[in-house]
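Novice: Chain residues, written in single-letter form:
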Amino acid sequence: MNAYLRADGRKGIRNITLVCYLVECAHHVARKIVDKCDDDSVHLIGFSGCYPNDYALTQLSQLIQHPNVGAVVLVSLGCEGFNREALIEVAIKAKRPIETIVIQQSGGTLLATSLGIEAVKKVQAATPIIKVTLPLNELVVGTICGGSDGTSGISANPAVGFCFDLLLKDNATCIFEETGELIGCEQIMAERAVTVELGQAIERAVHKAENYYRVMGYGSFAPGNAEGGLTTQEEKSMGAYSKSGNSPISGLIKPGDIPPSSGLYLMDVVPDGDPLFGFPNISDNAEIVEMIASGAHIILFTTGRGSVVGSAISPVIKVCANPETYRNMSGDMDVNAGKILEENISISTVGDEIYQQVIAVKNGQQTKSEQLGHQEFILTYKQFVPTGPSCLPTR
Amino acid sequence: MKGLEIIINEQGITLNDTIDVGHKIACKSINKGDKVIKYGVAIGSAMADIMQGEHVHLTNLQSDYIDSHTRTGVNSQSKILHSILGKQT
Chain A
1 MNAYLRADGR
11 KGIRNITLVC
21 YLVECAHHVA
31 RKIVDKCDDD
41 SVHLIGFSGC
51 YPNDYALTQL
61 SQLIQHPNVG
71 AVVLVSLGCE
81 GFNREALIEV
91 AIKAKRPIET
101 IVIQQSGGTL
111 LATSLGIEAV
121 KKVQAATPII
131 KVTLPLNELV
141 VGTICGGSDG
151 TSGISANPAV
161 GFCFDLLLKD
171 NATCIFEETG
181 ELIGCEQIMA
191 ERAVTVELGQ
201 AIERAVHKAE
211 NYYRVMGYGS
221 FAPGNAEGGL
231 TTQEEKSMGA
241 YSKSGNSPIS
251 GLIKPGDIPP
261 SSGLYLMDVV
271 PDGDPLFGFP
281 NISDNAEIVE
291 MIASGAHIIL
301 FTTGRGSVVG
311 SAISPVIKVC
321 ANPETYRNMS
331 GDMDVNAGKI
341 LEENISISTV
351 GDEIYQQVIA
361 VKNGQQTKSE
371 QLGHQEFILT
381 YKQFVPTGPS
391 CLPTR
Chain B
1 MKGLEIIINE
11 QGITLNDTID
21 VGHKIACKSI
31 NKGDKVIKYG
41 VAIGSAMADI
51 MQGEHVHLTN
61 LQSDYIDSHT
71 RTGVNSQSKI
81 LHSILGKQT
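First to last, the sequence lines map onto chains A and B.
Under our numbering, think of the first position of the first sequence as 1, with each following residue one higher.
Under our numbering, think of the first position of the second sequence as 1, with each following residue one higher.
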C-alpha cells in the first residue's frame, strides 16, 4: 500500500507539499521558503502575472487539489490580481491543509520567509497520512515528447503507444496532447474517435491549432528537430501521434478538465478565440503542467535529442528514443528505447518495460528526474471556452 | 556513411552523403511537387527532383502546412541578430 488517500477520496502516488507564489513579486520569497525547508517533497509552483486570468486560476485550483498533493502554502505579495480567496476556498473544499503568507502583511522578505517555513511545517503536520493501494483503473498517465528527432517516431513513441494500450486494457486513464504537434494526423485520429461528433471536434481542434501556429509564425517545431532529421511539421506529428497507441479515443479535454471515466483522451492545449497571449505552449513543461492539472499521476516523456526535465507534483519517466543520446545522457533516462534500433529488440518488449516502470513508479520508485531534483514548473496566460458535451463520453 | 552501398527495393545504391541517425533517404525517385510519403502518409511536398537514395531534408522537402525553422535559416532570428550586430541584412 503505497498510495495516499485524500480526504476528498482521490488517491495520490506522492505526498507533496506545495509552496505556490501568486505573482512574480512573491516568487523569491516562495523559493527561499522551499530552499530552506530542504525537503524533496516540498515543491515550488506559481503564476508570474499580476493580471487575473481564468485559465491560470483553473490550473492552480486543480493543482492544489491534485491527488499527489497533501497540503499547500500560498505566497502572495498582497496587491496582485490573483484571486487567492478562491484558491483558499478550493483547498478547504478538497480538505487540503492550507496557509497563506501575504508578504505586505508579514513585514517583508525575511519575516515572510520564516513565517512561510513555519507554515509548511504546520500544514505538513496537519496532513493525514492514510496509505492505500491505487488500482490501475484509478491511475491517470499523460504523455509528451520533447526534443524529438527522427528516431522518436520509430522507437520511443510507438513503445509508449504500446504501453498506453496495455494501461487502457487495465482501465487506466491515458492522456496525449499538443494538437499543434498532431497537424496532419487529424483525419486518422478522427477515425479512432468513439463518436462521429467527437471525431469532428478533434478535426476542428487540429485546424484551430494550425491557424494559431500560422499566426504565431512558427510551427511546434524546434531547430533541434531538424538537426535530428525531422523535416516538416507533419513528419514530426506522425511520430508524435504514435504515442497514442491504437485504442479508441474516448474524449477531447482541455487543460484542467478531469477525464470523467477511464479511457484515452486527447488534450486540446491550443487556446480558443483569436490568438491573444502568444504561443500556446512556450516549452514542454507548460504541457506537462496542463496534464497534471487534469489529474495525471505520472508523465511519460519521450526524447530523441535528450531532455533532462522532470516536473513539480508528478513524476516524469523519460524514455530515450535515440541510442546515441542514451549513451550520452543515460543518467537522465529511465528507459532506453534506442535498443529497438540497435539491438533488434521489439517495440512491444520496450512498451512492456515502460509499463513495468509505470507500475514501479506508481508504487513509489523514484524516476531519474526525481532523484536529480528536477521540479520544473511553468504557467502562462491562456483563454479557453468550456469543453463542449460532444467532446466527453457519457457515463 | 558516404560511399556506402545499400540495398533498397532489391536495388544497389551508393550513398552520396553521410546520413546521421534519424535522418532519411528516398527509397525511390521523387519528382518536384510530388507528395513525400513516410509512415504511409504525406509528410510534405518535394521542392526539387529527388533521386533514389538521396538525403531528404530541408533543401528538398517542405511542409504542406507550416514552414519549419532552424536557428539560422528560414523563419530564424538571424535578421534581428544582424541588426543588433550592425550587419547588413
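Check each hint, because a few of them may be wrong.
The calculated lysine-lysine pairs, modelled on DSS-like cross-linking and capped at a C-alpha distance of 25 Å, are [claimed, not checked]:
1. A:LYS122 - A:LYS93
2. A:LYS208 - B:LYS24
3. A:LYS122 - A:LYS11
4. B:LYS24 - B:LYS35
5. A:LYS32 - A:LYS11
6. B:LYS35 - A:LYS339
7. B:LYS24 - A:LYS339
8. A:LYS95 - A:LYS131
With the Cβ distance kept under 7 Å, some of the chain B side facing chain A (calculated, not the full set) [as the list claims (entries may be wrong)]:
9. THR18
10. VAL21
11. CYS27
12. ILE43
Over 12 Å on every C-beta distance to chain A, these chain B residues come out as not near it, computed from the model [claimed, not checked]:
13. LYS2
14. GLU5
15. ILE13
16. LEU15
17. ILE19
18. ASN31
19. LYS32
20. ASP34
21. GLY44
22. HIS55
23. ILE66
24. ASP67
25. THR70
26. THR72
27. SER83
28. ILE84
Think of the hints as simulated: they come from the structure by calculation, not from any bench.
Fair warning: this is a prediction, and the values are worked out from it, not measured in the lab.
C-beta atoms are modelled at their ideal positions from N, C-alpha and C, and glycine is treated no differently.
Novice: Quick check: which numbered hints come out false for this structure?
Specialist: 2, 5, 6, 9, 11, 17, 21, 22, 23, 24, 25 and 26
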